[in-house]
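Visitor: Protein chains in written order, with numbering that gives the first Met the number 0: chain A, 0 to 293; chain B, 0 to 318.
Nothing false has been slipped in among the hints.
What follows is a set of in silico ranges between Cβ atoms, one per label pair, in the way DEER data are often shown: (1) B:Thr43 with A:Arg134: 44 to 54 angstroms; (2) B:His140 with A:Asp283: 52 to 62 angstroms; (3) B:Met0 with A:Glu130: 25 to 35 angstroms; (4) A:Met0 with B:Pro118: 49 to 59 angstroms; (5) B:Phe19 with A:Arg134: 33 to 43 angstroms; (6) A:Ser281 with B:Ser30: 47 to 57 angstroms; (7) B:Pro135 with A:Gln98: 21 to 31 angstroms.
In case anyone wonders, no lab produced these hints; they're calculated from the structure.
All residues carry an ideal CB built from backbone N, CA and C; glycine is no exception.
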Amino acid sequence: MKYAFFPGCVSKGACPELYQSVMQVYPKLGIALEEMTTASCTGAGVLQEKDEKLGDVLNARTFALAEQRGLPIMTICSTCQGVMSQANHRLTTQPEYLQGINAILQEEGLTYRGTTTIKHFLWILLEDVGEEALREKITKRLTGLRAAPFYGCYIQRPTEALGFEEHPDRGKALERIIEILGAEVVDFPGKTRCCGFPILTINKINSLSMVATHTQDAKSHGADIMVTPCPLCHLNLDGMQSQAASQQKTSINLPILHLPQLLGLAMGMKPKTLGLQRNLISPDLPLARIGMGP
Amino acid sequence: MLTTLRVRRYNPEDPQPGPFFEDYKLELDPSDSVLDGLIKVRETLDDSLALRCSCRGAICGSCGMRINGHAALACKTKVMSLTQSGDTIEVEPMNNMPVIKDLVTDMAPFWEKISQVQPWLKPSEPPPVGEYLASPESMNHLAGVMSCIMCGVCVSDCTVLEVDTSFVGPAALAKAYRFVADPRDTSTTLRLETLNQPSGMWDCTRCMECIQVCPKGVGPMDRIMALRAKGLEEKVPSTCGSRHAEVFTDIIKHKGILDEPMLAVRTFGLKHVGRLLEMIPMVMQSVFKGKVPLAGPLHRPISSIQHIQRLFTRVRKKS
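Only chain B is shown next, with the shape it has when bound in the complex (with noise of 0.2 angstroms):
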């Protein structure tokens, strides 16, 4: 099948180092990955172009670039599913990083921010005579989130990354999350201490792009909601991500559906009552247009919030 890479291409020490995209028409087999196409075009179309790729097996993780707009690894993206009759498709680097040359991007910011959530074990006492013992089942609970090979591809895609480089990212909060659950571990409180500050935990959007790309079914964001319910559960420090989560449930609990102003009231508190003054001039402008509830501004509980408040109740018996 005649198919077109178009390659985005960037290298620094060119007069013109773009970046700008250039298009690679070949013959290549439906069942080709999109790294094999890559690899192709480097041995028979132009050498110079600039990509990392190892095993090819994805097992690696270094082939992390974005194809036709989404962060994959190249070697487990079959051209086939991508096109059937030689659409061109776009091959670009990584996102929220660096880029060092074409596809090739510098992974330094990627790792400092794994280091930063010390991921490694931290036993309170002195090591035990032989191994280690865990039970399978929490070993087993770990072994989705221990697949993480640390490929970059759920930090390209992370929308809060796009706007914040601070955010510690999906890669990171997932690897917090394989040590906080380690029953072998006992710096769980301090980590979720450090997690709660700003840029960590809770500025998680919940967009779950990382869940849609991560090419090992780690599911970031699925840990990094995990790790939010642990800090709950441990009482961390409250902040307005965690209260958030906990009156938004509580009034759930008392009424069926959400009372947004109640929401907003009990989040922010007299603690960050500037917020709530920050709001007064949207709030007005909803009032003035008429954009306020149907029912009126108080929101009456459903009338079958009985049911939902035993739901509730046999929930935490259960739990």
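Next comes chain A alone, as it looks inside the complex (with noise of 0.2 angstroms):
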């Protein structure tokens, strides 16, 4: 199971403990991984904004480039795995446009043929590695704890790029995981929904609603925890907790762990290997509660 890894801006810029999570994690699972330290951001959906084709042809550069080594793509991005997961979608499905976006990849020396599969870390667990070999790895079952699942849009959206019809499974992909690790699911309506990040800017009143309105929804539902796929959602989940808490007058306080977090914890790493300590929602406390202190 080798992947040229796309570890996105958001792992190396303001979730940093993603990163080291996801490093921790990997080498244990029987994955190996070769960092595409040379592509591009897929542009968020914000650059497609402005002009998708661009989006699309810079992310045509990233597939080439992982095609020319014979590997699919490892996101561990909800964001950059639905940009991404959208542009392949638009490239194999229109050759007349690959064709197009292929022109102006050429003068770089590049043709990408359609051939690359891009995959979720998420996704990478229950397909590729699997759930038999994954519960070989799990030994400290997160027993007790009530995780909430938070996806973030693009790896939920649209559900025809996003090869849903393929693997039917994958809306579901994360709640499987958290009761592979032994934690129980805390179901709540908002766990597919837009966690307000890509509006922080535009309309903080708006995007700190929905903060507040999914953690303390997850919460009421008996949450210990939330765990998320996506460190976009992380940045406004976790970041923006306490203000969008202190917008709606009240406390909320609930820990966003970022996937391979949890699931590092559960191959009982020590939650400071993980980057927990860097999480602004300090997850000390229920973890403590499952004989997990920091």
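These two chains come separately, so use the hints to put the complex back together.
Guide: Right, here's the structure in full:
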């Protein structure tokens, strides 16, 4: 299981604990990674607001680089995954469009043949590592921890580009992982909704309302923590949670964990090794309750 | 197949109006639609159940409702797409609009927002003798968005309307695009300037719920993105939304990757310096917790930045 690793800007920027935790867990899962250090940002759907074709050219370049290595791409960000999946869908379903994009890429000595697959770490755990192998790696089941899943829009919609038809279980992958790790799934209506991050700079009140709604909702359903495969959701749900609570004149205090952080805990790693001290809402209390002190 | 339809009931005329869920067990064929099931409930089990429907063929847009948590047309949703073994199907009225009774919602706020975008052509010259002419290409481009049947399904599942009822919403914005992109209309700039205001095109979160649920493939969010691109092209007065897109693109051009602090500083600028100051406590807390970029606060360009810049230039030339 070898992948071209696309870490995404945020795991190297504002969420270094995500990169740190994935670096800790992947070698123990039988996964090998080659990091794509020369790949550009996907555009995150923002560059695409200005010029979708430009976004497709940049992503086609990344796909071509992985294709040259003969490797599928592994992402650790719902937004990177979704933007790349959508770009790949456009490129692989419209041959004339791909031809036009390749005409632009060719001057860089690149051609994309349309064979690269792009997979989020979340899907790799279930589809490639496999449930049985994953269970074998779990040395410290998270029994007693009530975890609410939060996906991020881009890994849920549009389902056509994300391969849900071929892999119908992708829509429930996070719940499956939580169960495998021995924690209790806290189901709540907001788990597939928007965290509000894309409009944080545009309409902060609405953005914070979304943070407050989902974190409060998860808490009222009994969650001790929330887990997400998207660092952008993490930036808003964790980073802006205290401001969201102030806006609603309440307190929330729900720790938000990155997926590899939760996985690492169940694999017996220390919270500090997984960068949990960097999360703004401390998970110390719920972790102490299940015997996982800092 | 014995199936249960769990329907959310509400009747304002009842002393106990609800809402509450009521279960109806009935025999359904897997090829039946949810609407077939609801009509069967009304005809055989409970004639007090209120729902709105007409064509039964996904043309009239009357039977929008939430089915298992997502908005859809009941006539277009087959029972077999939801269950193979008679699992309970949950049916609720559409979200983000008032409920009149049971599954019937008040569409008045929906129509108000549609009329806000002035959904009619505004040519500047007197009508021509005969017909207005438009190229087949321009009409083909609009065919998708003209498929909208105004069912309200996209509005029901809009994540922004859930927290802010003033947002103009996906249906109205898709309708606005239909006129912005029509070559016969001459109010493009004015329309874009109006949509550029708060609660307009920049307030969409890009959550794609509307793309996912639209029963006619209109892709409202794609139209909102096209409106934003048109707005940037037409150089509508800058807002935090437009600057965010411009600055983001510029950073990728110069560094290949995102530089988050730079994005915030340049998006807000001096005009919104207060917004920057509001971020200081969060930034301080992040630094205190060691939540700082692995390569240090200065985001250096990626090693292949010249390739990226050449691609930017080439795409611009081609378009």
